Amino acid sequence: MMSQASNSTWKRDAAIAAIILVVLVSLPFVTSKGIVFIAGTLALHVVFGLSWNLMFGQTGLVSFGHASFFAIGGYAFAWAAKIAPGIHPLLLFAGAGLFGSLVALIVGILALRRSIGVYFAILTLALSQIVYLLLSYIPALGREDGFTGIRRPRLSLGFTTIDLASGNNYYYFMIAMCTLLAVGLWWVMHGRMGRVFKSIQQDAERAAFLGIDVQAYRLRSFAIASGTTAIAGALYAPWLQLLTPEIAHWTFSARPILYTLLGGVQSFWGPVVGAVVFAVLEYGTRTLHGLSEIIIGSILLVVVLAFPGGLLGGLSRLRKRMNRKTIVTARPEIVR
Amino acid sequence: MSNDFSRRQITKSLAAFGAASAFGSFTRPSFAQSAPIRLGLIAPLSGSQEVIGRYQLAGATIAVNQINQAGGVLGRKIELVTRDDKAAPAAGVAAAKDLAGNGVNLMFGVLSSGVALAIAPTLQADKSVLVVSAAAANELTHDQFSPNVFRTADHAYSRQRALAKLVAADYPAVSDWTAINPQTAIGTSNWDSFVDGMLQFYPELNKKPVTITDPIWAKFGATDYKNEIVQLMRSKSEGLYCGVYGGDAVTMFGQAAAYGLTKKFKVLVDPGSEFIIAQAMGKNTPPGLWSGFHWFYGAYKGHKINDDLYETYVKMAGDKHPAGYVGEAHTSVLAYASAIQKAGSTDTDKVIAALEGLEFDSCKGMRKIRKEDHQAICDINFVQFGPDDSEQGWKITGHRVIKDEGLSEEPSPGQPLKFLYNKR
Amino acid sequence: MLALFLGPLFNGLFTAMVVFLFATGLTLVFGILRILNFAHGGFFMIGAYLAFSLVKTFASDTSTIAYILISIVAGIVVGLCGLVVERLVFRPLQHVDEAYSLIATYALLLISEGAVKAIWGVSFHSIMTPAALGGALIAGDLVMPVFAIFIIGLGVLCYSLLEWILQHTATGKLMKSVASDPWMAGMLGVNVPRFYAWIVVIGFFLAGLAGGLLLPNQTLSPNLASVFVVQAFGVLIVGGMGNIRGTFLASILLCVIDSYGSVIFSEVPGVFFYVAMAAMLLMRPQGLIAGARL
Chain A
1 MMSQASNSTW KRDAAIAAII LVVLVSLPFV TSKGIVFIAG TLALHVVFGL SWNLMFGQTG
61 LVSFGHASFF AIGGYAFAWA AKIAPGIHPL LLFAGAGLFG SLVALIVGIL ALRRSIGVYF
121 AILTLALSQI VYLLLSYIPA LGREDGFTGI RRPRLSLGFT TIDLASGNNY YYFMIAMCTL
181 LAVGLWWVMH GRMGRVFKSI QQDAERAAFL GIDVQAYRLR SFAIASGTTA IAGALYAPWL
241 QLLTPEIAHW TFSARPILYT LLGGVQSFWG PVVGAVVFAV LEYGTRTLHG LSEIIIGSIL
301 LVVVLAFPGG LLGGLSRLRK RMNRKTIVTA RPEIVR
Chain B
337 MSNDFSRRQI TKSLAAFGAA SAFGSFTRPS FAQSAPIRLG LIAPLSGSQE VIGRYQLAGA
397 TIAVNQINQA GGVLGRKIEL VTRDDKAAPA AGVAAAKDLA GNGVNLMFGV LSSGVALAIA
457 PTLQADKSVL VVSAAAANEL THDQFSPNVF RTADHAYSRQ RALAKLVAAD YPAVSDWTAI
517 NPQTAIGTSN WDSFVDGMLQ FYPELNKKPV TITDPIWAKF GATDYKNEIV QLMRSKSEGL
577 YCGVYGGDAV TMFGQAAAYG LTKKFKVLVD PGSEFIIAQA MGKNTPPGLW SGFHWFYGAY
637 KGHKINDDLY ETYVKMAGDK HPAGYVGEAH TSVLAYASAI QKAGSTDTDK VIAALEGLEF
697 DSCKGMRKIR KEDHQAICDI NFVQFGPDDS EQGWKITGHR VIKDEGLSEE PSPGQPLKFL
757 YNKR
Chain C
761 MLALFLGPLF NGLFTAMVVF LFATGLTLVF GILRILNFAH GGFFMIGAYL AFSLVKTFAS
821 DTSTIAYILI SIVAGIVVGL CGLVVERLVF RPLQHVDEAY SLIATYALLL ISEGAVKAIW
881 GVSFHSIMTP AALGGALIAG DLVMPVFAIF IIGLGVLCYS LLEWILQHTA TGKLMKSVAS
941 DPWMAGMLGV NVPRFYAWIV VIGFFLAGLA GGLLLPNQTL SPNLASVFVV QAFGVLIVGG
1001 MGNIRGTFLA SILLCVIDSY GSVIFSEVPG VFFYVAMAAM LLMRPQGLIA GARL
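Residue numbers (our numbering), protein chains in the order written: chain A, 1 to 336; chain B, 337 to 760; chain C, 761 to 1054.
In short, the hints are calculated from the structure, not lab data.
In silico BS3-like cross-links for lysine-lysine, where the CA-CA straight-line distance does not exceed 30 Å: (1) C:Lys816 with B:Lys619; (2) B:Lys463 with A:Lys82; (3) B:Lys599 with B:Lys619; (4) B:Lys731 with B:Lys637; (5) B:Lys656 with B:Lys637; (6) A:Lys82 with B:Lys754; (7) B:Lys739 with B:Lys707; (8) B:Lys637 with B:Lys739; (9) A:Lys320 with A:Lys198; (10) C:Lys816 with B:Lys656; (11) B:Lys731 with B:Lys602; (12) B:Lys599 with C:Lys816; (13) B:Lys678 with B:Lys463; (14) B:Lys572 with B:Lys600; (15) B:Lys544 with B:Lys739; (16) A:Lys198 with A:Lys11; (17) B:Lys704 with B:Lys678; (18) B:Lys731 with C:Lys816; (19) B:Lys544 with B:Lys600; (20) B:Lys651 with C:Lys816; (21) B:Lys754 with B:Lys704.
What the simulated footprint calls covered on chain C by chain A, stretch by stretch (three residues with Cβ under 8 Å from a Cβ of chain A suffice, anywhere in the stretch; the number is not a length): (22) 859-869; (23) 873-880; (24) 985-993; (25) 1020-1032; (26) 1036-1045.
Only a predicted model underlies this, so the values are computations on that prediction, with no experimental measurement involved. Idealized CB from N, CA, C, for every residue including glycine.
Chain A extracted, bound-state conformation:
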């Protein structure tokens, strides 16, 4: 039963991923640079959202400070690339991710034992505010004007060297890396660890009773999500070639939350849908000066009122209802 179900999930998800990849890879041939830039940024936001949902949807941890790990990864990469330009860029990306995980481990060891739920959320918010303020005060990191002059590296792969600065090379590199990260997250969620996470999310007390070290698994979830986000942040640094403290701000931390809740918590694809919808909204309102807040706000409000379980949750309910051809009252989806 179990393996059959995950087998069909695997096939379906692989097919969806393949379609998305084809679209992303063909974009530079069919659209303008503006769209390609937005698509590249969107890929990073997708990883950002997916990793947040590993904590929330999978393990029941709410973080309000996820952006600080994005920023930590980005600044760590930029700083290391500046002081040690000889290091292989792949090592730098991995290092940035490990650094993000390490910070999360330290925070998690201190915090997760004692506080959970809203306390953990607000604690991460406080930490991210500290990161934000320090980034905007430290002269070596460029203060609030930002860390400038980040170069796109040359990637030597032994048999050949790719100059990521030329053409769309960096875009393709980023898409490849984001795919790897997303596959990694999928694998974690659908593997043994993911099932343990899920049992904690559903009932932490029972999981503990069954002999699961709840705190250790929460810590793992937090560290994996933070490390993944830190790599996404590191990828962002050469993409924009500049980093500003804004990427540690709480409004940026709100992004993965919005993506996930807008798209749907239960599905792996929820944050992806949410991020895409958001990007489309932003792109669509870009010339409607002065109206963008009202339009984006109203659409978000309508979506959340019409589909309280997120877009994907709403769709699947709708489909079920159509299939059964009976009226089923919309049942609230209780997540935690």
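Using the hints, position chains B and C against chain A.
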């Protein structure tokens, strides 16, 4: 209130204009000779800096209309394409890429230095040009120099040294200066430039040394300045450089009123809030406050470009006090027009070559873009404000034009700016 | 010397009361409905703009009484907005996980920012302190602005009043009982939905009132919406999940620490609020006042 209402109207018409031009870009063929020349304005048209973005949009719109009424450039009309940068670097890069992708290779505007510094390194790959109309960071023409970036406005170093020259000449008795600065890159660089100017001009003009007391640092965007104000009240200095600017300055001066801060200091100067402080504070405007301006319309009466721009703006916006950003966006369009005329083409490389060393007339007189670092050499304007019994609540009590003679540094693109006198 | 030691204390207390006045409505709504209202700042801002327009229209020469009355009117208008928001947004989302109301309130924050821009424009505005509240008291070298003393007094008054209502009146007891067990309260004949509507209206009223009262202290711009919200979330949670006493104490603790921190370590102003907040959450994860709701 009336002021706001009219500004809303102008925004409405400008938004319609922006939308129309966005649609236009899809329908019109862009290669025909008669097709319009499209210039891309990148400005904060939403978010925290929208108030400035609207000025930039107004100035750019007026310049485009004026040029088109006079027959265009190379027999072609100019068309304005606008993009919102939200004063955020990522949105700015997306805007520049979007413009380049739609075939708009000539861009201008940009208020925030962070946005300019983010766009600059992307331009070469996209074969685009950016003419910066406001962002003042020194780095743009130094460490972060890009051959595809020009700045037709004044920069932090020349502006703050001009301010130092003004106070050194006008207030010889005030020989001890301190500051309250935001703990930000531009806050630090403004203050360092001002100190550099003071250390040069004060001894030169007054034959005696000047004392600079360590500044008080405040959080950017702070809501409470009382601790900082208390520290300032204990200062022995007589001149106050109020480095917190814009809305922060309004908050700071509002809270300082109860302490009598404005009476304690003999001279108050501000790096560049323009009308913001006076317009927000009305009768509470600190008396005698000198404010830095990109362009002050009152200083160039009788100069045709200035008068036409002023009158058109007042008619369009119903607002009698255009901020300097109006003039600077206007200037950037004029610079493009004159460079395209000179180049005989809108080709990126030819326009860059034409902009280098370009001398052109603008709302504040002749400007010259230096070939080496792409920085324009132009006048610096200052206005002095005070409270008033009129309904407006404030008045202009003086203004000054400082010519850039020995204000700007020697060009050194690619190198960090070296202060001549301030050895910090 | 006095100013050196007591100055930061006085200024910290003042900021604390500003944050507390902002956070009262937030605490009430969170304490009872469990909704973390991102839009609170948006409606606080609308209250401030309404008060600004009223002052400009009716009271060019502001007296203290006019200023307080105007703030109350602004509070009432915002409270009515709260009624609409409760009906259209909060009530439909009541049975869905709390997390979804987060997007709804975030959307409301965006809408309120957009609305303020459309109605009042994007320019900066400010209002003078009423004449009677201008000036300052001076003790040695310690300068205490009258307006700051007024706000501190107002904060303490507001706290005492809420505390008295909660502890000593029937309404307060009802509120506490619904907060701790809405199902049981419903069984015992309380009209819980109407009760929730009232709480939201009062919470919004407090937001609008605070917007009006704090107007002379702040610059008006559409950015005002997000200025206090993170600090308010901080005191709300450090205080202990939405109880008024905890919020009050946490405001004082965090703001006074931040005030001294920003004076002593002036290179990093504003960081100590969050350092203290993180430390408090680690030391007392259950909050300052644990267990009690409201």
